[in-house]
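Protein chains: 2
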Amino acid sequence: MNLIEQLQQIVGANGVLTGDDVRSRPNHSWGRGECPAMAIVRPRTTEEVSRIMALCHAQEQRVVPWGGLTGLVDGITCEAGDLVLSMERMQNIEHCEPDAGTLRVQAGAVLQSVQDAAAEAGWQFAVDLGGRGSAQIGGLVATNAGGNAVVRYGMMREQVLGLEVVLADGRVMSSLNEVLKNNAGYDMKQLFIGSEGTLGIVTRAVLRLRPAANARQTAFLGMNSFDDVAALLRHLQSHLEGKLSSFEVMWANHYRFMVEELATHQTFLPVDYPYYVLVESEGQFPDREEALFTSVLGELMEEGTIADAVIAQSGQQAEQLWAMRDDVASLIEAMAPMAAFDISLPLRDMQTYVAAMEQGLAKRLPEARVVVFGHLGDGNIHLVVGNIPDHKAVEEVVYGELRNLGGSISAEHGIGLEKRDYLAYSKGEIEIDLMRTLKHALDPKGILNPGKVISA
Amino acid sequence: MNLIEQLQQIVGANGVLTGDDVRSRPNHSWGRGECPAMAIVRPRTTEEVSRIMALCHAQEQRVVPWGGLTGLVDGITCEAGDLVLSMERMQNIEHCEPDAGTLRVQAGAVLQSVQDAAAEAGWQFAVDLGGRGSAQIGGLVATNAGGNAVVRYGMMREQVLGLEVVLADGRVMSSLNEVLKNNAGYDMKQLFIGSEGTLGIVTRAVLRLRPAANARQTAFLGMNSFDDVAALLRHLQSHLEGKLSSFEVMWANHYRFMVEELATHQTFLPVDYPYYVLVESEGQFPDREEALFTSVLGELMEEGTIADAVIAQSGQQAEQLWAMRDDVASLIEAMAPMAAFDISLPLRDMQTYVAAMEQGLAKRLPEARVVVFGHLGDGNIHLVVGNIPDHKAVEEVVYGELRNLGGSISAEHGIGLEKRDYLAYSKGEIEIDLMRTLKHALDPKGILNPGKVISA
Numbered sequence: 001m002n003l004i005e006q007l008q009q010i011v012g013a014n015g016v017l018t019g020d021d022v023r024s025r026p027n028h029s030w031g032r033g034e035c036p037a038m039a040i041v042r043p044r045t046t047e048e049v050s051r052i053m054a055l056c057h058a059q060e061q062r063v064v065p066w067g068g069l070t071g072l073v074d075g076i077t078c079e080a081g082d083l084v085l086s087m088e089r090m091q092n093i094e095h096c097e098p099d100a101g102t103l104r105v106q107a108g109a110v111l112q113s114v115q116d117a118a119a120e121a122g123w124q125f126a127v128d129l130g131g132r133g134s135a136q137i138g139g140l141v142a143t144n145a146g147g148n149a150v151v152r153y154g155m156m157r158e159q160v161l162g163l164e165v166v167l168a169d170g171r172v173m174s175s176l177n178e179v180l181k182n183n184a185g186y187d188m189k190q191l192f193i194g195s196e197g198t199l200g201i202v203t204r205a206v207l208r209l210r211p212a213a214n215a216r217q218t219a220f221l222g223m224n225s226f227d228d229v230a231a232l233l234r235h236l237q238s239h240l241e242g243k244l245s246s247f248e249v250m251w252a253n254h255y256r257f258m259v260e261e262l263a264t265h266q267t268f269l270p271v272d273y274p275y276y277v278l279v280e281s282e283g284q285f286p287d288r289e290e291a292l293f294t295s296v297l298g299e300l301m302e303e304g305t306i307a308d309a310v311i312a313q314s315g316q317q318a319e320q321l322w323a324m325r326d327d328v329a330s331l332i333e334a335m336a337p338m339a340a341f342d343i344s345l346p347l348r349d350m351q352t353y354v355a356a357m358e359q360g361l362a363k364r365l366p367e368a369r370v371v372v373f374g375h376l377g378d379g380n381i382h383l384v385v386g387n388i389p390d391h392k393a394v395e396e397v398v399y400g401e402l403r404n405l406g407g408s409i410s411a412e413h414g415i416g417l418e419k420r421d422y423l424a425y426s427k428g429e430i431e432i433d434l435m436r437t438l439k440h441a442l443d444p445k446g447i448l449n450p451g452k453v454i455s456a
Numbered sequence: 001m002n003l004i005e006q007l008q009q010i011v012g013a014n015g016v017l018t019g020d021d022v023r024s025r026p027n028h029s030w031g032r033g034e035c036p037a038m039a040i041v042r043p044r045t046t047e048e049v050s051r052i053m054a055l056c057h058a059q060e061q062r063v064v065p066w067g068g069l070t071g072l073v074d075g076i077t078c079e080a081g082d083l084v085l086s087m088e089r090m091q092n093i094e095h096c097e098p099d100a101g102t103l104r105v106q107a108g109a110v111l112q113s114v115q116d117a118a119a120e121a122g123w124q125f126a127v128d129l130g131g132r133g134s135a136q137i138g139g140l141v142a143t144n145a146g147g148n149a150v151v152r153y154g155m156m157r158e159q160v161l162g163l164e165v166v167l168a169d170g171r172v173m174s175s176l177n178e179v180l181k182n183n184a185g186y187d188m189k190q191l192f193i194g195s196e197g198t199l200g201i202v203t204r205a206v207l208r209l210r211p212a213a214n215a216r217q218t219a220f221l222g223m224n225s226f227d228d229v230a231a232l233l234r235h236l237q238s239h240l241e242g243k244l245s246s247f248e249v250m251w252a253n254h255y256r257f258m259v260e261e262l263a264t265h266q267t268f269l270p271v272d273y274p275y276y277v278l279v280e281s282e283g284q285f286p287d288r289e290e291a292l293f294t295s296v297l298g299e300l301m302e303e304g305t306i307a308d309a310v311i312a313q314s315g316q317q318a319e320q321l322w323a324m325r326d327d328v329a330s331l332i333e334a335m336a337p338m339a340a341f342d343i344s345l346p347l348r349d350m351q352t353y354v355a356a357m358e359q360g361l362a363k364r365l366p367e368a369r370v371v372v373f374g375h376l377g378d379g380n381i382h383l384v385v386g387n388i389p390d391h392k393a394v395e396e397v398v399y400g401e402l403r404n405l406g407g408s409i410s411a412e413h414g415i416g417l418e419k420r421d422y423l424a425y426s427k428g429e430i431e432i433d434l435m436r437t438l439k440h441a442l443d444p445k446g447i448l449n450p451g452k453v454i455s456a
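Top line first, the protein sequences correspond to chains A and B. So in UniProt numbering, spot 428 of the first sequence is number 428, and the numbers just go up one at a time. So in UniProt numbering, spot 350 of the second sequence is number 350, and the numbers just go up one at a time.
It cannot be assumed that every hint is accurate.
Pairs count within a copy or across copies, as identical chains cannot be separated in the list.
[Said to hold, decoys possible] Under the rule of at most 20 Å between Cα atoms (straight-line distance), these lysine to aspartate or glutamate pairs were calculated in the EDC-like manner:
hint : residue 1 : residue 2
1    : K439      : D308
2    : K392      : E367
3    : K363      : E395
4    : K445      : D433
5    : K439      : D169
6    : K392      : D433
7    : K363      : E261
8    : K363      : D227
9    : K439      : E47
10   : K439      : E396
11   : K363      : D21
12   : K445      : D390
13   : K445      : E333
14   : K445      : D128
15   : K445      : D21
16   : K439      : D227
Everything labelled a hint here was simulated from the structure, so no lab data went into it.
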């Protein structure tokens with residue numbers, strides 16, 4: 001019996017895709033390319049995943065785990081002969097504890113359905129991002145996804161109470177903890193969060209829910225200097241009393257691009273400020289929330305920290321503001337050929353970095369143009385560099401200047417294949433050695449998502 | 001040259017203690033026993049720690065890392081011939097970023113001094129516990145310490161942005177990240193948090209600070225049922241808008257013991273409620289905070305969820321309430337011979353558990369008496385079982401009933417030596433196998449805190 005037949009015995013004939021059903025799936029981020037894998041196996045239960053991995057381990061078959069394919073770093077890319085293990089038939093929302101605020105789901109559960117289940121129980125699931133309609137919990141765990149509310153709720157890691165993981169050899173590590181505090185031995189689930197499918201396959205998770213927020217306040221602010229932006233962040237963190245849920249900065253080049261060149265978005269504020277900030281707070285009581293938000297922003301306007309402001313007067317207006325911030329697709333389309341980056345570094349170094357990066361680009365790639373924005377409350381900025389002849393030359397400038405300042409080449413997207421060769425820009429030799437030690441200890445045959453994150 | 005002399009060459013003659021200077025230090029929790037180690041080496045720098053470990057690795061010398069000795073599970077216990085590595089001369093608060101709210105410290109820095117440095121910069125360090133005057137950051141990291149504000153701010157893990165760790169062979173893994181978001185490769189620091197000194201020696205940490213809280217509200221509540229306690233928790237989590245910072249439950253047997261038998265604490269409420277809750281919220285604006293707190297509690301009293309309440313009218317009164325909750329020392333002294341436990345389990349199982357545990361004790365140890373209290377918002381309860389003939393018999397009841405419900409034998413104190421033989425009550429076989437795999441990969445000679453957490 002060949003491998004395909006053996007897999008069919010485990011998951012049924014419908015569970016294994018081959019030929020055009022494989023070729024029609026992508027091989028790269030943004031849906032690009034054609035998947036060259038030998039097959040896509042689609043288990044329905046943890047036990048099936050376990051049997052698949054035991055089989056692949058015995059045969060040294062390379063396995064590439066797939067979630068919702070919303071990643072951006074080629075973490076799902078296959079070579080010919082690879083087997084894709086897709087979680088698309090493991091989407092169950094299994095159990096909710098409405099008193100404690102926990103939710104147990106299969107790894108293939110889609111983010112949107114998890115958010116809906118949380119809302120139905122009177123809670124919220126606090127990770128949110130543009131790919132919510134496709135992104136799966138397993139992939140979000142495996143990439144330690146971030147999103148727009150990290151400044152308040154943390155990344156995916158902070159939403160995971162328990163995990164069930166199938167190891168490279170098919171053993172099932174079940175650690176479906178439900179409580180905030182559990183110091184009984186090493187917290188093994190931490191190993192798998194953010195390991196991008198290279199150490200194990202997440203099959204199930206217990207998620208921590210947060211109290212639902214019934215009152216949102218949103219404002220778009222014009223700022224005269226980066227120092228004012230930093231002071232604003234500091235002030236809102238304390239004076240909004242922990243309720244600051246988003247702090248998104250747009251450099252002037254980004255705002256202008258969105259409202260002048262794309263012209264699909266409204267001009268909320270004049271285009272002559274050097275920085276703009278989209279801020280949001282989340283509370284329970286609409287009246288109280290509005291009073292606090294407007295009084296805190298009012299004081300900052302009076303003292304000159306904020307130069308100009310629009311406070312959203314309706315949910316619709318808030319959505320328009322967010323639509324501008326989140327319209328990365330239009331930006332990327334308009335700037336092609338382009339390269340997009342997702343970096344992080346301390347607040348104190350950001351101005352220095354952006355200036356050095358812009359100078360470096362002007363010198364090496366005078367035709368290129370750059371747009372800068374990001375989740376500043378998390379130290380995370382995104383760069384889109386457009387009109388470029390050569391991806392590599394841009395990477396050398398962007399990552400080179402970052403290396404000088406000790407920044408991270410990946411704030412939230414992960415490493416995958418795309419950034420792998422730059423990993424040493426952000427991690428020391430010994431840390432990378434230790435990553436290899438770990439990879440070897442957990443996947444000695446190197447069959448799990450081979451070549452991703454670290455080279456073999 | 002013998003080992004002592006070699007160590008003296010690294011840290012200077014003053015850096016190595018022997019003889020009575022070792023014997024005068026404890027060997028167990030609560031300051032009990034006499035340390036039988038061959039010596040205590042006290043490095044001042046990471047480089048010295050690195051050289052010490054390289055030497056010990058070469059000679060297969062067992063090393064027991066020491067922080068402030070406030071642990072409660074015999075994680076610092078030595079055998080004759082062991083070398084203690086104490087961080088007591090590495091107490092520097094190295095660097096604060098007042099805008100970003102981060103603090104870099106050496107691992108020997110004492111919690112109180114870290115809290116003070118944070119306060120001086122206009123922030124707070126959010127982990128707090130009774131041992132703040134001695135507990136060191138390195139030990140708090142190594143044990144993933146909890147404390148009284150976990151329900152709001154999380155455990156130590158959530159306060160650690162970056163770590164520097166000396167590995168078993170002396171290599172220095174420096175990963176002093178300062179930003180909230182960094183997905184450049186596996187997050188190796190997670191391995192060391194909560195590993196109780198068995199995988200590496202924390203030498204330095206970058207800590208996340210939180211906005212200072214200028215307005216605290218504290219109340220002590222009498223409750224008619226456990227269901228009311230659960231409803232109260234749920235309601236406060238949403239209606240205090242994320243500002244609920246403590247939710248400490250005292251079963252009637254605890255409150256009565258404190259106010260009737262010890263009689264050193266004030267009787268704040270009548271003694272006839274089955275449960276009492278100490279709640280605290282932390283905000284920025286005293287007037288607003290008081291208004292919110294009293295209105296939310298007032299509504300709950302009106303609808304009968306809260307049976308009786310005292311709201312602290314001053315900082316002093318709040319301190320008296322906390323003094324009662326935190327006076328574990330008196331409790332333990334009064335109940336000797338006793339055994340203390342620190343367990344966690346889901347809210348839904350708590351009543352079942354406590355009843356089964358009490359029945360089990362009544363049957364097996366009719367003379368014993370038990371006092372129950374805990375951080376209920378975290379699923380964490382503490383038990384003190386007094387007047388016992390036999391530690392092991394108590395453990396079998398307490399842990400046995402817990403195992404039936406899938407609870408954790410250690411919510412926050414860790415495993416150390418004390419709970420090691422019960423680890424399998426809370427962790428599956430494969431998870432424990434994986435812990436061993438990790439231990440072997442990182443400390444192949446087994447020289448780091450040998451025998452703690454998992455047996456060799």
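Here's how the hints hold up against the structure:
no.	hint	in the structure
1	K439 - D308	neither (51 Å within a copy, 56 Å between copies)
2	K392 - E367	within (15 Å within a copy, 75 Å between copies)
3	K363 - E395	within (14 Å within a copy, 70 Å between copies)
4	K445 - D433	both (17 Å within a copy, 18 Å between copies)
5	K439 - D169	both (13 Å within a copy, 19 Å between copies)
6	K392 - D433	neither (25 Å within a copy, 43 Å between copies)
7	K363 - E261	neither (24 Å within a copy, 79 Å between copies)
8	K363 - D227	neither (27 Å within a copy, 68 Å between copies)
9	K439 - E47	neither (23 Å within a copy, 27 Å between copies)
10	K439 - E396	neither (28 Å within a copy, 38 Å between copies)
11	K363 - D21	neither (46 Å within a copy, 64 Å between copies)
12	K445 - D390	neither (36 Å within a copy, 49 Å between copies)
13	K445 - E333	neither (40 Å within a copy, 55 Å between copies)
14	K445 - D128	neither (35 Å within a copy, 44 Å between copies)
15	K445 - D21	neither (28 Å within a copy, 50 Å between copies)
16	K439 - D227	neither (42 Å within a copy, 46 Å between copies)
In this structure, the earlier hints numbered 1, 6, 7, 8, 9, 10, 11, 12, 13, 14, 15 and 16 are contradicted, and the remaining ones agree with it.
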